[in-house]
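Chemist: So the chains spell out like this:
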Amino acid sequence: MKAPDVGWSPVSRPGPPDVTAAVVVAYLVRRIIGAVFLMVIVSMVTFAIFFLVPRLGGATADDLASRYVGKSAGPEQIHQMAVKLGFTKPLYEQYGDFASSVVRGADYDTGSGIEHCPAPCLGYSFITQNPVGPELLNRVPVTLSLAVGAAVIWVTFGVSTGVISALRKGSVFDRTAMSVALAGVSLPIFFTGLLSLSVLSYGLHLFPPGSSYTPITENPVQWAYDLTLPWITLAFLYAAGYARLTRSGMLETMNEDYIRTARAKGLPERTVVIKHGLRATLTPILTIFGLDLGLLLGGAVLTESTYSLNGIGKYAIDAITTNDLPKVLGVTLLAATFIVVANLAVDLLYAVVDPRVRLS
Amino acid sequence: MRHKRTAVGAAGAATLAVILAACGGSGGGTSGGSSGSSASGSSAGGSSGKAEFNAAVGKVYNASDAKGGTLRFANSGDWDSLDPADTYYAYSWDFVRLFGRSLVMFASAPGKDGAKLVPDLAESLGAPSDGGKTWTYKLRKGVKFEDGTVVTSKDVKYAVERSLDKDTFPNGPTYFNDSLDLQGYTSPYKDTSADKLALKAIDTPDDNTIVFHLKAPFSGFDYFAQLPSTIPVPRAKDTGTKYKEHVVATGPYMFETNNPGKDFSLVRNPNWDPATDPNRKALPDKITVQLNVNAEDIDNRLLAGDLDVDIAGTGVQPATQPRILADAAKKANADSALVARLWYTAVNGDVAPLDNIHCRKAVQYAADKTGYQRAYGGTTGGEIATNLMPPVISGAEQFDDYNAKASPSGDLEKAKSELQQCGQPNGFATNISYRAERPKEKAVAESLQQSLAKVGIKLTVKPYPTGDYFKLYAGKPAFAKANGLGLMVSGWGADWPDGYGFLEQIVDSRVIHAAGNTNLTVKDPAVDALIDKALGTTDTAAREKTWVDIDKKVMDDAFILPGVWAKGLLYRPPTLTNVFVTDGFQMYDYLALGVKK
Amino acid sequence: MTTPLEVPGSIEAAPEAVPDGARGPIAGRSLGRIAWMRLRRDRVAIGGAVLILVFVLIAVAAPLIVELLGHPPNEFHQDLVDPDLQIPQGRFGGVGRDFLLGLEPVNGRDLFSRVVYGSRISLLIAFMATLLSVVIGTTLGVIAGYVGGRSDTFISRTMDVFLAFPLLVFAIALAGVVPDHAFGLSGDTLRIALLVFIIGFFNWPYIGRIIRGQTLSLREREFVDAARSLGARTPYILLREVLPNLVAPILVYFTLLIPSNILFEAALSFLGVGVRPPTPTWGGMLSDATHWYQVDPWFMLVPGLAIFVTVLAFNLFGDGLRDALDPRAR
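Line order of the protein sequences matches chains A, B and C. Counting from 1, position 195 in the first sequence corresponds to residue 195 in my numbering; the numbering is continuous, with no gaps. Counting from 1, position 278 in the second sequence corresponds to residue 278 in my numbering; the numbering is continuous, with no gaps. Counting from 1, position 52 in the third sequence corresponds to residue 52 in my numbering; the numbering is continuous, with no gaps.
Treat each hint with caution, since some may be false.
List of simulated lysine-lysine pairs, PhoX-like, C-alpha gap at most 25 Å [said to hold, decoys possible]:
no.	chain 1	residue 1	chain 2	residue 2
1	B	Lys190	A	Lys89
2	B	Lys330	B	Lys141
3	B	Lys190	A	Lys84
4	A	Lys89	B	Lys471
5	B	Lys50	B	Lys242
6	B	Lys471	A	Lys84
7	B	Lys141	B	Lys196
8	B	Lys196	A	Lys84
9	A	Lys84	B	Lys242
Some chain A residues well away from chain C (every beta-carbon gap over 10 Å; in silico) [to be verified]:
no.	residue
10	Ala26
11	Ile49
12	Pro54
13	Gln80
14	Lys84
15	Lys89
16	Tyr95
17	Pro120
18	Leu144
19	Phe157
20	Ser160
21	Ile164
22	Val172
23	His205
24	Ile232
25	Ile339
Keep in mind that the hints were calculated from the coordinates and are not lab data. Model, not experiment: these values are computed from the prediction. Note that CB positions come from ideal geometry on N, CA and C, so glycine has one too.
Isolated chain A, as found in the complex:
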């Protein structure tokens, strides 16, 4: 049975896809199970990092708790905090509590009463006692703006540069572009970030200083203006990589037999390049793009901390430096979700773009 209603069914590809709804559903179910399994592992590892590692280093429950009490707290108060935060329980029980809060939600004692946090409850910060979920959601727009904006730039510039370079192999453009690209992949982003802030923002006053961010809903122009510098910095690094990838992929593809055949058939060069060459080149790049974007959405740690943008990445750093485990767990789970979803999206798209790939 064909599945014409599948939204992503290819249109321009020669020959209809051999995909049925049942196959897709089975595939999706399998992937989702895999994703859940992955989340469990990610959360377990995070948990272990924060509790198992210090325990192995000899820290007691009270030692751990002493980070979360105020100034001049006595030993009893520290112990009470250890009990309150559950540190006195065995590790597996602590993890069980966390897991159950994600699945079933959790009750939290605010002092004046019990507050229910519905599933998927990511818990309350050890330090500020704010619920983690809303805080995290609050940060998503920043990282999303940063990552998607940069992605648009780097794909546009990276891929087009790579294609032109490949087609004009050995030209001045090719050499210049590839030298710049090589420099691009060799520069740490926190250095290019500082450099551009120093020159473009404080030197020439072309762009706003760090930690400028305006929500797009408030003022789209200001939003774009504030993010221009972070976008460029982030996109430069990736564009450099993508240009190199596209170029080498394109060169390889253009040597393939079927390209020669296409040319021999007398197809216009334009058609050969775009319809045949580019498509085959873009397929592996799509995979990498999916992974990159997924990783970035989970927190552009270095860019956010260089430009002081309050996104997910900076949230993660702040959470780690304050040892605020519920926050770290929340961030890593969110980041892993992005990666898994991006992977899944790529695999599905892959099946569309590349007729040789089947969902299996």
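Please build the complex by placing chains B and C on the supplied structure of chain A, with the hints as guidance.
Modeler: Only chains B and C this time, still in chain A's reference frame:
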């Protein structure tokens, strides 16, 4: 007082900068000129309109009564909590007065006058009885919450009760826990009585009277009454840990929005009646606060006029100082404020041969004080300290027992003669600890290492992790003794600028626990006795004199090697009106600020 | 930016570049020579190799170089720092005969010495971590590819899990929680070991995947079949038949992973979880420089350029090596 907690920053150096700022040590200053007279100097209470360096120190700069506009704050970290029961930052105590009214408060006045307590919610300062064991306050009539309900003494009692619950509010100070005669009371949330007001240590005989019963006489109770924990909380609106999201206002402003970790804004409180409030001008129409902004970016925005106040009030970042000091126009918009903070090195009497007072004195004489000052940024970072209490502390006196002024790079002759008397004529070897992530403390350790070596005292430097420095290392007497930490680099800031607020936590031997101490080394029954005497003295002048005696006694014991009295370089953008540094918080008085529209 | 592996070109380019280079045992013999001839003609790659050599020499001889040309890396020179402004006196951050690359603000430490000593940390960690990833990745990749079946499923799934981890966040978390004394180590030794472990351990699946793919195709090849039918035991086949054919991809990957790991280490140090101060690291210096770049940009340029040039040198050489082993790429 903690100006900042250590762990707020981003990572790496960002954290480091915050830690440094934390302790007010990033302070700025003058390249000569009247640095000494900074905050502690003239308290004429005059006003000036000319932009010049230190124009807002000791007097009001750009005095104004013009209302309106938006006052924009930014904070390089997160707020510990906006809940009055759960906050312990100087800037926070300065700021909460905008939306909350405690029984007593620091006067909104420049210089020394800002360190004086004035009644706020109460009609007058506390009336002591029973030798200072019982304190009574009468509330002003007509004060209302933002919803129009009248504030009663029960709301104040409830607020203090909930602040006792350190499980729910771990950040706040524990002064009420320690001083009130609790009789086992722990928290109104565990209180089974219907009105949740079972605490016997506080009486509310009528709606306008509140009486505190203490365990022991305490002459400075008005300082406790100025704590944000006495800002009334309506029990019906109390949501425990969530109350900080919307604190019910009694001051001229109330919460409009609040995005935890990001920003919040305050707008005028329609139920605030200026007739009940002689302390507040309430100039701006709106107040916005951004959280978690890079410290450097805050400075840049201040300089660019995109921001009005860096709320932390500890001064601009070290790297911003040159940009201000080297530019006459910018320098004219800056103030160098002396802070109630001492950078010092504790001398450990538990470690031989420092158990001998003469060996401790040898350290005092031999230490290079200019080297100490240089470690904290030279004259920009602060003044050479000759004794404990910083000059901004009410009643503090400066005295110089160890010739720090005459021979700032160390009096080697005196040091050698002390070593002779100690029986160690050729010097001795010991260790010096410091917080590993603090380059300034490292510089102190290395400077002392160099200068003490001149008289044969050989120091081995021992860095320990900053986060656990007091909990596991220097602040744990057993550890310090076992590891022979003869010298321990440290620093201390006052919770409020009086002798008790500054000295008690670092010189009273009875506050020393098994770990987590801030009093690292001072163990002298004579000092403890003097503290008791001060606590029982209700006459302010006599009490302040006693604190000076305590300072002298500790210096005489040579348990503490004073280093630097810290300073902070504050920047006031030209947009601000009615600006002045208050000695109460050693930063701009946030209650008084206005903006040019 | 998330992980240093977002240098997609350097890592992802390796697999598609290599297969042809590793084709056939007979070609494999002469491959080395052919590659060397190609490499020798590639002046850019040779330039990279020379630079790498220079950096390695500098790192090894750091104490000697500093003795001759600099000051001890942790020695303070506060007399050369403006006492009020806290920045080095003189132009370009105090560059001069005495201080070749100028001084740090505040403390006045010698930037030249610190950069020179920083190269030790950078190169040591990057090299060891790369070695760790390659060893783990190759071992597991070969097992997965050759043995197949359940081992393959298990290893492949494990690799998937690793690839889905938000790496940098994990690395920071792990580097942040380990106390200063652990596992019988302390100080710099502990931090270096920890960073090598973190960087190396989190990176192995990338090479693991490539090696697995290569092994899968090698397993089906005639010479392996022949060896098997002659009764050769699995370890023998793996060591003598399969592994030699994996040398080319491993070599290329190794060269291209080092620069990526240098960036990873710098990132961790930049974020404050690297080797502890006062030991100089490039990332840590950059992180200090973030506070000063407006008044003392020189302070930022020195470690930044050090990272850039080193990484560039490895990338140049790695690219050249790949091209030499794979004639079609250029």
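Chemist: All hints, please: hold or fail.
Modeler: Tested hints:
Only pairs whose Cα atoms come within 25 Å are accepted, and lysine 190(B) paired with lysine 89(A) is accepted, the gap being roughly 24 Å. The suggested pairing of lysine 330(B) with lysine 141(B) is violated, with an alpha-carbon distance near 46 Å, which exceeds 25 Å. For the suggested pair lysine 190(B) and lysine 84(A), the alpha carbons sit about 15 Å apart, so the restraint of at most 25 Å is met. Between the alpha carbons of lysine 89(A) and lysine 471(B) the distance comes to roughly 23 Å, so the proposed pair stays at or under 25 Å and holds.
Restraint check: the Cα-Cα separation between lysine 50(B) and lysine 242(B) comes to about 45 Å, which exceeds 25 Å; the hinted pair is violated. This hinted pair checks out: lysine 471(B) and lysine 84(A) have alpha carbons roughly 20 Å apart, not beyond 25 Å. Straight-line distance between C-alpha atoms of lysine 141(B) and lysine 196(B) comes to about 24 Å, which keeps the hinted pair within the 25 Å bound. Note on lysine 196(B) and lysine 84(A): the hinted pairing holds, with a Cα-Cα distance of about 22 Å set against a maximum of 25 Å.
Between lysine 84(A) and lysine 242(B) the CA atoms are separated by roughly 17 Å; this keeps the pair inside 25 Å, and the hint holds. Distance check for alanine 26(A) against chain C: the nearest CB is about 18 Å away, which clears 10 Å, and the non-interface claim stands. In this structure isoleucine 49(A) is not separated from chain C by more than 10 Å, as the shortest Cβ-Cβ distance comes to only about 5 Å. Against chain C, the non-interface label of proline 54(A) is violated: not every CB pair exceeds 10 Å, the least being about 6 Å.
Taking the minimum C-beta to C-beta distance to chain C, about 23 Å, the non-interface status of glutamine 80(A) holds against the 10 Å cut. Every C-beta of chain C lies more than 10 Å from that of lysine 84(A), the closest at about 21 Å, which supports listing it as non-interface. With a cut of 10 Å on Cβ distances, lysine 89(A) stays outside the contact zone with chain C, its closest approach being about 19 Å. Even its closest Cβ contact with chain C, about 16 Å, leaves tyrosine 95(A) beyond 10 Å, as expected for a residue assigned away from the interface.
In this structure proline 120(A) is separated from chain C by more than 10 Å, as the shortest Cβ-Cβ distance comes to about 18 Å. Distance check for leucine 144(A) against chain C: the nearest CB is about 14 Å away, which clears 10 Å, and the non-interface claim stands. Even its closest Cβ contact with chain C, about 14 Å, leaves phenylalanine 157(A) beyond 10 Å, as expected for a residue assigned away from the interface. For serine 160(A), the condition that its CB be more than 10 Å from all CB atoms of chain C holds, with the nearest at approximately 16 Å.
Consistency note on isoleucine 164(A): stated as away from chain C, and its beta-carbon is indeed over 10 Å from all of that chain's, at 16 Å minimum. Residue-level check passed: valine 172(A) sits 16 Å from the nearest beta carbon of chain C, beyond 10 Å. The non-interface label for histidine 205(A) is consistent with chain C: the shortest C-beta to C-beta separation is roughly 12 Å, beyond 10 Å. With 10 Å as the threshold on Cβ separation, the claim that isoleucine 232(A) sits away from chain C holds: the shortest Cβ distance comes to roughly 13 Å.
Annotated as non-interface, isoleucine 339(A) brings its C-beta within 10 Å of a C-beta of chain C; the closest such distance is 5 Å.
Consistency note: the structure conflicts with the earlier hints numbered 2, 5, 11, 12 and 25.
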